[in-house]
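In case you want the letters, here they are:
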Amino acid sequence: MPHESETTGIGRRNMSALMSVLQQARYASVTPDILQEAAPFLDLGGEEIRASLFFTTDQTGRELCLRPEFTIPVCRAYLTSADAGTPTRYSCAGPVFRMRAGEPAETLQVGLESFGRTDTAAADAEVLGLASEAVRAAAGGSLTTIFGDAGLLASLLDALRLPALWQRRLKRGLDKGESAATVLAAAPTTAADHSGVLAAMAGTDAAGARALVDDLLSIAGIASVGGRSASEIAERFLSQVALRAAPPFGPEQRSILDRYLAIAGEPDAAALALRALAEEAGLDLSAALDLFEARISLMAIEGVDLATTRFSGAFGRNLDYYTGFVFEARLAGLPGGPVLVGGRYDRLAQALGSTVPVPAVGAAIWVDTLHPGQGTPR
Amino acid sequence: MTTSRPLVLAVPSKGRMQENAAGFFARAGLTLQQGRGARDYRGTLAGFDDVEVAYLPVADIVSQLAEGAVHLGVAGEDLLREQVADAGARVALLSKLGFGNANVVVAVPQAWIDVRGTADLEDVAAVFHARRGRRMRVATKYINLTRAFLSSRGVTDYRIVESLGATEGAPASGTAEFIVDITTTGATLTANGLKVLDDGVMLRSEANLMASLTAPWSDATLAAARMILARIAAEEAARLSREVRAQFEAGAPDLGPEAAARFAAERFPSGSPDLQIFHCAAGQVGPLSDWLVERGAGKVIVAPMDYIFAAANPLFDSLVGRLPSGGRSEPVP
Numbered sequence: 001m002p003h004e005s006e007t008t009g010i011g012r013r014n015m016s017a018l019m020s021v022l023q024q025a026r027y028a029s030v031t032p033d034i035l036q037e038a039a040p041f042l043d044l045g046g047e048e049i050r051a052s053l054f055f056t057t058d059q060t061g062r063e064l065c066l067r068p069e070f071t072i073p074v075c076r077a078y079l080t081s082a083d084a085g086t087p088t089r090y091s092c093a094g095p096v097f098r099m100r101a102g103e104p105a106e107t108l109q110v111g112l113e114s115f116g117r118t119d120t121a122a123a124d125a126e127v128l129g130l131a132s133e134a135v136r137a138a139a140g141g142s143l144t145t146i147f148g149d150a151g152l153l154a155s156l157l158d159a160l161r162l163p164a165l166w167q168r169r170l171k172r173g174l175d176k177g178e179s180a181a182t183v184l185a186a187a188p189t190t191a192a193d194h195s196g197v198l199a200a201m202a203g204t205d206a207a208g209a210r211a212l213v214d215d216l217l218s219i220a221g222i223a224s225v226g227g228r229s230a231s232e233i234a235e236r237f238l239s240q241v242a243l244r245a246a247p248p249f250g251p252e253q254r255s256i257l258d259r260y261l262a263i264a265g266e267p268d269a270a271a272l273a274l275r276a277l278a279e280e281a282g283l284d285l286s287a288a289l290d291l292f293e294a295r296i297s298l299m300a301i302e303g304v305d306l307a308t309t310r311f312s313g314a315f316g317r318n319l320d321y322y323t324g325f326v327f328e329a330r331l332a333g334l335p336g337g338p339v340l341v342g343g344r345y346d347r348l349a350q351a352l353g354s355t356v357p358v359p360a361v362g363a364a365i366w367v368d369t370l371h372p373g374q375g376t377p378r
Numbered sequence: 001m002t003t004s005r006p007l008v009l010a011v012p013s014k015g016r017m018q019e020n021a022a023g024f025f026a027r028a029g030l031t032l033q034q035g036r037g038a039r040d041y042r043g044t045l046a047g048f049d050d051v052e053v054a055y056l057p058v059a060d061i062v063s064q065l066a067e068g069a070v071h072l073g074v075a076g077e078d079l080l081r082e083q084v085a086d087a088g089a090r091v092a093l094l095s096k097l098g099f100g101n102a103n104v105v106v107a108v109p110q111a112w113i114d115v116r117g118t119a120d121l122e123d124v125a126a127v128f129h130a131r132r133g134r135r136m137r138v139a140t141k142y143i144n145l146t147r148a149f150l151s152s153r154g155v156t157d158y159r160i161v162e163s164l165g166a167t168e169g170a171p172a173s174g175t176a177e178f179i180v181d182i183t184t185t186g187a188t189l190t191a192n193g194l195k196v197l198d199d200g201v202m203l204r205s206e207a208n209l210m211a212s213l214t215a216p217w218s219d220a221t222l223a224a225a226r227m228i229l230a231r232i233a234a235e236e237a238a239r240l241s242r243e244v245r246a247q248f249e250a251g252a253p254d255l256g257p258e259a260a261a262r263f264a265a266e267r268f269p270s271g272s273p274d275l276q277i278f279h280c281a282a283g284q285v286g287p288l289s290d291w292l293v294e295r296g297a298g299k300v301i302v303a304p305m306d307y308i309f310a311a312a313n314p315l316f317d318s319l320v321g322r323l324p325s326g327g328r329s330e331p332v333p
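Chains A and G, in that order, are what the protein sequence lines are. When you number the first sequence by our numbering, it's gap-free, plus one each residue, and the end is 378. When you number the second sequence by our numbering, it's gap-free, plus one each residue, and the end is 333.
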């Protein structure tokens, strides 16, 4: 065995300090395998994460990878466990593996996940509060936290009747750090080139549209090949007809969206600004705003320091699976990335094969960022 | 020792690329001499004692250029971009060779009459993912190019299925919904019921003469490279231009400046105003000749040239300019 480096020694001590806080809070310790089936990570994260995974194959040719994170393995373990379906809290700790230029491939992470709780605001607040407490216990110092709300943004876009295609692109663009202006300026699709077909389809039903697509394929002499059925093609034409007929996402809607994205600041002030925006715009966002306000109250109870916590309408995390509360936190005075990241992911369980939705929220702590670059002798 | 190591020139070991590369070097007056038999993978370059020729599969040429195991090589740009992560920092593209032309394209079934461009593909893939709970699959051997291209177009709801042959058959056989593949005429795609997206050309590739920026470039290997590249540049310059000789009656005006301005033709001194000699791009031969006749030439004779050696060596200069220490990198022992 090579001699353990001083830095790793600090990492191990930090890891135990973090875990003892989580275990006192009854987050049961689990240990996912280091070697994982690769498919779930690629299915959920997309091919864009392929470049950061370490792959290998087993003797049957199945693609395996070193675990890049804990949420997906822990969620899979929960779904196949006896606890599935009941509220359950887990914690885990150990190395995770990602290829990143100029950074170590193996880093220590501590994760906490809370499954199955229907008291959404309380579960959100508890996870952020506990993760913050653990970081403070291990590293001392104070945290600055920023959070967003993917659920509130989705409610707003629904209320503004932004078509599904644009909702998807906007969320993904914002999560990648693009501006709404950039996303919304892009070409929608090439529907404009098919105006004859779309005109012919206006007013028809699914069966009529399907018959038209069949005829078009047959006239063009195309034997249907691959992936999508004629019905799916017909449905897409119909959705484009609907998109063209829909009330436009005009300057008024656009200005409401821009105002939402620009709201940033202390949680209570942000809540007031959001209420005011909804009222002025005549939009019913009450369910999402009630949750937003309840969560802030509970965050304070869970020990989150609201004075160093900021909401940002434009804040998102670059992972498709977050559906609600999203957050990240940094230790004051430390450069580099966040020490603590997480959020709500209510659709993950179904994407991993659950037949029923499972509400879930979790966080990950990057242990090596707690004392960056320190290798002080013991 | 650095000075005893030869310059290694890697050339494709089989197929059309081998024939084309051999033809290219032959035109430049560089004769590749394969070792004792056709199965020998090492050879020499006639007249160059300190050059070793390595016959390698094209994929290996690219990786050995990137690692610095060979100095110069011939390979397609597609493989370089696919296989080498930071290609620009490790390998210099010195010259396009005019063969091995092929495009790397995104192709979808022709039956997808509602899909014309990548914006449609983004939409269709997202709906497919949401509805079926799985991502569309793209069959390809160009994993890295595909990921970078689709990412730049905002297409994220897909999975790559690695395909090392007959990729165009994947949609019909049901192992993928669409493909990324290399095509020259598109005929194979059409025969398999596929079409290229309007904005689906990811890379226009052709064979390139490449130089490793990570290889141990000693003074001796640089000197050998300078001579090889001078011949290649001389052949390239000659191949792309023509010599035009025009005969005039006595007392004809000097047409040099006007020919330079109108046809980018270079005037060569002939010793007599009755004979004016120009070099021009091959495509300018017709217009230049017509104009010379118009200006009183009795006869215009156009001839191809074998080589144009020049004091300037742009291929070598571009290699030296890219090397980290201006061409004095010493190998790590």
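Do not rely on the hints blindly, as some may be mistaken.
Covered by chain G, per the in silico footprint, the following chain A stretches (three or more residues, Cβ under 8 Å) [claimed, not checked]:
| hint | stretch |
| --- | --- |
| 1 | 25 to 38 |
| 2 | 43 to 50 |
| 3 | 296 to 308 |
Label pairs and their computed distance ranges (CB to CB) [claimed, not checked]:
| hint | chain 1 | residue 1 | chain 2 | residue 2 | range |
| --- | --- | --- | --- | --- | --- |
| 4 | G | Pro-304 | A | Ser-229 | 39 to 49 Å |
| 5 | A | Glu-178 | G | Val-302 | 39 to 49 Å |
| 6 | G | Glu-206 | A | Glu-266 | 56 to 66 Å |
| 7 | A | Leu-184 | G | Val-201 | 23 to 33 Å |
| 8 | A | Ile-222 | G | Lys-14 | 46 to 56 Å |
| 9 | A | Thr-107 | G | Val-201 | 33 to 43 Å |
| 10 | A | Val-356 | G | Phe-99 | 26 to 36 Å |
| 11 | A | Ala-186 | G | Gly-15 | 15 to 25 Å |
| 12 | G | Phe-99 | A | Ala-207 | 30 to 40 Å |
| 13 | G | Ala-85 | A | Pro-104 | 52 to 62 Å |
| 14 | A | Val-356 | G | Pro-57 | 50 to 60 Å |
| 15 | G | Pro-57 | A | Pro-104 | 27 to 37 Å |
| 16 | A | Ser-229 | G | Asn-101 | 30 to 40 Å |
| 17 | G | Ala-148 | A | Glu-106 | 46 to 56 Å |
Note that these hints are calculated values from the structure, not bench results. The C-beta atom is built at its ideal place from N, Cα and C for all residues, glycine as well.
- Query: Do three or more residues from the stretch 25 to 38 of chain A put their C-beta atoms closer than 8 Å to C-beta atoms of chain G?
  - Reply: It is violated, with 0 qualifying residues against the three required.
- Item | Whether the CB-CB distance between A:Thr-107 and G:Val-201 falls inside 33 to 43 Å | holds (39 Å)
- Message: Between the beta carbons of G:Ala-85 and A:Pro-104, is the distance compatible with 52 to 62 Å?
- Response: violated (18 Å)
- Quick one: are A:Ala-186 and G:Gly-15 within 15 to 25 Å, going by C-beta? violated (42 Å)
- Message: Taking the Cβ atom of A:Glu-178 and the Cβ atom of G:Val-302, is their distance within the range 39 to 49 Å?
- Response: violated (56 Å)
- Item | Cβ separation of G:Pro-304 and A:Ser-229, checked against the hinted range 39 to 49 Å | violated (58 Å)
- Message: Quick check on a hinted range of 50 to 60 Å for A:Val-356 and G:Pro-57, using CB atoms only.
- Response: With Cβ atoms ~53 Å apart, the hint holds.
- Taking the CB of G:Phe-99 and the CB of A:Ala-207, does the distance hold inside 30 to 40 Å? About 53 Å separates the Cβ atoms of G:Phe-99 and A:Ala-207, which means 30 to 40 Å is violated.
- Item | Consistency of beta-carbon spacing, A:Glu-266 to G:Glu-206, with hint 56 to 66 Å | For G:Glu-206 and A:Glu-266 the Cβ distance comes to about 59 Å; the hint holds.
- Query: Cβ-Cβ distance between A:Ile-222 and G:Lys-14: within 46 to 56 Å?
  - Reply: Roughly 37 Å apart at Cβ, these two residues miss the hinted range, so it is violated.
- Query: In this structure, is the beta-carbon distance linking G:Pro-57 and A:Pro-104 contained in 27 to 37 Å?
  - Reply: holds (34 Å)
- Query: Could one say that the CB atoms of A:Val-356 and G:Phe-99 fall in the range 26 to 36 Å?
  - Reply: Hint violated: Cβ distance 60 Å, outside 26 to 36 Å.
When held up to the earlier numbered hints, the structure conflicts with 1, 3, 4, 5, 8, 10, 11, 12, 13, 17 and fits the remainder.
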